[in-house]
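Engineer: Sequence:
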Amino acid sequence: MYGLSVRWSLADAPADVAEALREYVRDTSLARFTGMDGLRFKTWRMRPGEWFEGTYVFETAAARDAFAASFAETAADSPGSKLIGSAPVLQEPFEVVAVAEGGAGFAAGPGPA
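Going by our numbering, the first residue of the sequence shown is number 21, and it counts up by one from there.
The reader is advised that the hints may include incorrect statements.
Claimed, not checked - Computed spacing ranges between beta-carbons, pair by pair: (1) Ala128 x Asp85: 18 to 26 Å; (2) Ala86 x Leu50: 17 to 25 Å; (3) Pro130 x Gly105: 22 to 30 Å; (4) Glu121 x Ala35: 32 to 40 Å; (5) Glu39 x Ala89: 27 to 35 Å; (6) Ser106 x Glu43: 13 to 21 Å.
Hints are computed from structural coordinates only; laboratory data are not their basis.
Note that the Cβ used here is the ideal one computed from N, Cα and C, for glycine as well.
Throw the hints in and build the complete structure from the sequences for me.
Structural biologist: Structure follows, in structure tokens:
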């Protein structure tokens, strides 16, 4: 499997950006990526006040690389960048060595907030 991390700094973002990002992911972005061709899964991660990240895992390197190239062209104008007030500080491909499903099972959907 083939991963991609896209990270934004929240250091200079508006004070209410964490809640705005949670709402955007829950109400818009989750539906956009659910069922996307070539995508195994996407995880949105955040450390409020520090960073916000999209972590993608694709079936093939070609699917990952095509998405990464397309996103790089529009990253500065993406909804996340507009909410945060700046473009991503990192777009990094990686290899997924393995994924284990724990005893609690896999759950898709919004997180606890």
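Engineer: Against this structure, judge whether each hint is valid.
Structural biologist: Status of each hint after checking the structure:
The hint said 18 to 26 Å for the Cβ distance between Ala128 and Asp85, and at roughly 25 Å that hint holds. Taking 17 to 25 Å as the suggested C-beta distance range, the pair Ala86 and Leu50 conforms, at roughly 21 Å. Distance hint check for Pro130 and Gly105: the Cβ-Cβ separation is about 23 Å, which falls inside the suggested range of 22 to 30 Å. Under the hint 32 to 40 Å, the C-beta atoms of Glu121 and Ala35, about 37 Å apart, fit the expected range.
A beta carbon spacing of about 31 Å between Glu39 and Ala89 agrees with the range 27 to 35 Å that was offered as a hint. Separation of Ser106 from Glu43 is about 19 Å and conforms to the stated range, judged on CB atoms against 13 to 21 Å.
The structure shown violates none of the earlier numbered hints.
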